[in-house]
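Residue numbers (our numbering), protein chains in the order written: chain A, 2 to 243; chain B, 2 to 243; chain C, 2 to 243; chain D, 2 to 243.
Note that these hints are calculated values from the structure, not bench results.
Please read these numbers as outputs of a predicted model, since none were measured by experiment.
Just so you know, not all the hints are guaranteed correct.
If chains are identical, the list can't say which one is meant, so a pair holds when it fits in one copy or spans any two.
As the list claims (entries may be wrong) - With a straight-line cut-off of 35 Å between C-alpha atoms, the simulated DSBU-like cross-links for lysine-lysine are:
#: 1; residue 1: LYS208; residue 2: LYS132
#: 2; residue 1: LYS129; residue 2: LYS177
#: 3; residue 1: LYS227; residue 2: LYS12
#: 4; residue 1: LYS164; residue 2: LYS29
#: 5; residue 1: LYS164; residue 2: LYS200
#: 6; residue 1: LYS28; residue 2: LYS227
There are 4 protein chains.
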Amino acid sequence: MKILINEKGKKFVAGADDLHTDHGYIKKEEITSSKSGDILKTHLGREFRVLEANINDYIELMDRRCSIILSKDLGVMAAYTGLGCGQRVVEAGTGAGAATIFMANIVGETGHVYSYELREDFSQIADKNVKGFGLENVTLKCQDVAEGIDEEDVDLVFLDLPKPWDVVENARDCLKSGGYLAAYTPYIDQVKLLTRILKKREFSDLKSLECLVREIEVKDKGVRPKTRMTGHTGYLTFGRKV
Amino acid sequence: MKILINEKGKKFVAGADDLHTDHGYIKKEEITSSKSGDILKTHLGREFRVLEANINDYIELMDRRCSIILSKDLGVMAAYTGLGCGQRVVEAGTGAGAATIFMANIVGETGHVYSYELREDFSQIADKNVKGFGLENVTLKCQDVAEGIDEEDVDLVFLDLPKPWDVVENARDCLKSGGYLAAYTPYIDQVKLLTRILKKREFSDLKSLECLVREIEVKDKGVRPKTRMTGHTGYLTFGRKV
Amino acid sequence: MKILINEKGKKFVAGADDLHTDHGYIKKEEITSSKSGDILKTHLGREFRVLEANINDYIELMDRRCSIILSKDLGVMAAYTGLGCGQRVVEAGTGAGAATIFMANIVGETGHVYSYELREDFSQIADKNVKGFGLENVTLKCQDVAEGIDEEDVDLVFLDLPKPWDVVENARDCLKSGGYLAAYTPYIDQVKLLTRILKKREFSDLKSLECLVREIEVKDKGVRPKTRMTGHTGYLTFGRKV
Amino acid sequence: MKILINEKGKKFVAGADDLHTDHGYIKKEEITSSKSGDILKTHLGREFRVLEANINDYIELMDRRCSIILSKDLGVMAAYTGLGCGQRVVEAGTGAGAATIFMANIVGETGHVYSYELREDFSQIADKNVKGFGLENVTLKCQDVAEGIDEEDVDLVFLDLPKPWDVVENARDCLKSGGYLAAYTPYIDQVKLLTRILKKREFSDLKSLECLVREIEVKDKGVRPKTRMTGHTGYLTFGRKV
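Input sequences plus hints: build the corresponding full structure.
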């Protein structure tokens, strides 16, 4: 997928049609025949640079009607669970599909992401987003993960649900030995209850954490952390089936 | 690769020989014929659970003679650069190979990690570690990355060097359009200088950040962040070739 | 000084005149004869509660035309320097006087705050603010602290200046043995240079730090840190004359 | 009170007797007749510098048999409650008296700290510590604060107790209008329960927070936050009587 970047760094998705912007339009033929690094001009003479979209461009520009998990949390989740190429993952709930796309990008064509979502409207947005990025290793299921998980022997179950404890038993059944459950929850009360259930179900290597990212501002007059930061997103809780 | 876990959660690598522990030994034949989830007994009757080692078990147990980058920083680096299956990565320096193994696990067999290291002793440790994990998508090079990078059109250049600015020009040459440079540096002074050079070399999407992970302690008497935490590891600086 | 709080928690200063609000007015006679805890009604029947203003109400409501140092940083500064009743303090620059008032509130009538400010407009705002709170232990000086400090044998020199290093020698001269220099600076580069100069001038107990406050949101649906937080204000650097 | 500092920066209290150290002794007559800034020599010729102890020296060196609240938390507590010279404070529990001494240092002779402690052994340590610093504005009470507070019209009630909610009603009774309750608790569960009770008892301006201090390491090879830090001490919860 191509994106076009204007002189101010603003990014546009190059879709199936001509690109219309505040600074004029570019014909779709020009876009189609361009390659990454080319500079195209609108009919008003403004320059746009062509770039092959990577996953972060895509997630930034896609339809994000419901709130998505930030990169920092997905990255830490992937690192702590050892997510890698070829793995099979079960996710619930799908939401707009940001985590789905993130994980599908890592597990690749030899792996697979099965993602459960109760709400049909979210599942449809996610479907559009997943297909738009050209992923063929994702199966979206509009069904309740608490009522059963169809897959077996998966490497990771990733839960972004209000009540992840309801799924612990199903998650345990579908995980392979040594596989991970990871849950993302905004409230500390959820961490507490989930941990209790994970212990009861004999998950090992229990760990809960919070990841804070501080951006650093490097300017001529000095270096400092940015004066604004995200104060909290959610906690990550991990357990491992042994 | 198999690991064996004793009753207290301590992990042991199952090597080519019998496993000798404080609690007795287990014969290699037993280990070889076991599968994940089995419980083996030492000649003293103590139980050890067999587990297929995942990447984090392995990095934890491998020879780590030089300091390694923590999971949190690797995870955030991977997420911010969109690292995924099938990508080609250049790394410098290799060190003990923890980041190498982490990235090789993600890019998979259709991708590749080329890792440069000046010091021969480190390169040898890394070679042992990479091979021990069974990775076949890694090329270790005991040569100075500042003198040239052999690869072209790579997705990511990851630098864990005292003077990453010396490599910015070479990194730019070997990156594909839209590819990322990411550098890990302990000192803020390094962030400052590197950012200046990245700007000069027209990298875009410059970003520097610090990732803090706070573990949460969930006990019967209450929930709180752990009283000890890692105060600082290093900064991550990102730039993108456009 | 009295403040009046409406039903939504919004605070108003009770000045010399009638109080006019969106919800009607209250006559000054009523305000004058009221005491803390009373409830007054506007001519439209809306209730306002009378409260004796404390220092934080006052700083919140006073003229804050230039940016002020947050409570968290002032509190940590006071605690690390052992600021207490009866101490004598030199401050530069005054700004709107928030730190001045904070310190004057602690040192009390047996102590004193001498505050230097180059800009006359700031000094006038500070003068109004200090007098408005009824403090009689503050001397404001519209003069350059780098050209000399008139006081001797002071307990604390507190610097909120772009170039605090220019004042280190003067600060040393005016401090009593065992007294503290404390400086507030937004940039890490300032911390670095100031520390070098403090070392040269043989200050002991050098320490630099950053204070982060995370507010906790306690709601029925759960407890978590607030999703927005101040990412950075400034660093505090301390040295002690021995 | 005098302290003596050796060449390595280690501090010693100058008591009623000769000072004996690893590097020789100094006679009490010499110490008594010395003044701040003097350098005394042991009989082995090693130099010790005399310094008038400030409150932080004292708290560092005093008998701290039970864990004490760190300066950062005391400083933020004082700043958020507007603690100042002349105020009257009720504290529970006293512990070793660190917070007692901190607050007594700020409220001065025109103010007073009344401190409740159930355990007699703690109360005795605190008594020794408070008297040792020469404070005359402190009253220690070895009694249960949940059974009643003798004082009235106080500016601040500061609670460092396992179950601060048991004291909320008594605290409300003894506070003056506009006065603050502040509680220090290690667990988030305590914050939750206390907040609920404070709401029920109609305290206003409810706020809970956590204060993190990151020390900055300034060395020739670079500047960075220290690699070790205190991950968590306790939460501070505030409410105001209106």
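Against the structure, test the hints numbered earlier, and report the numbers of the ones violated in rising order. When the structure is compared with the hints, numbers 4 and 6 turn out to be violated.
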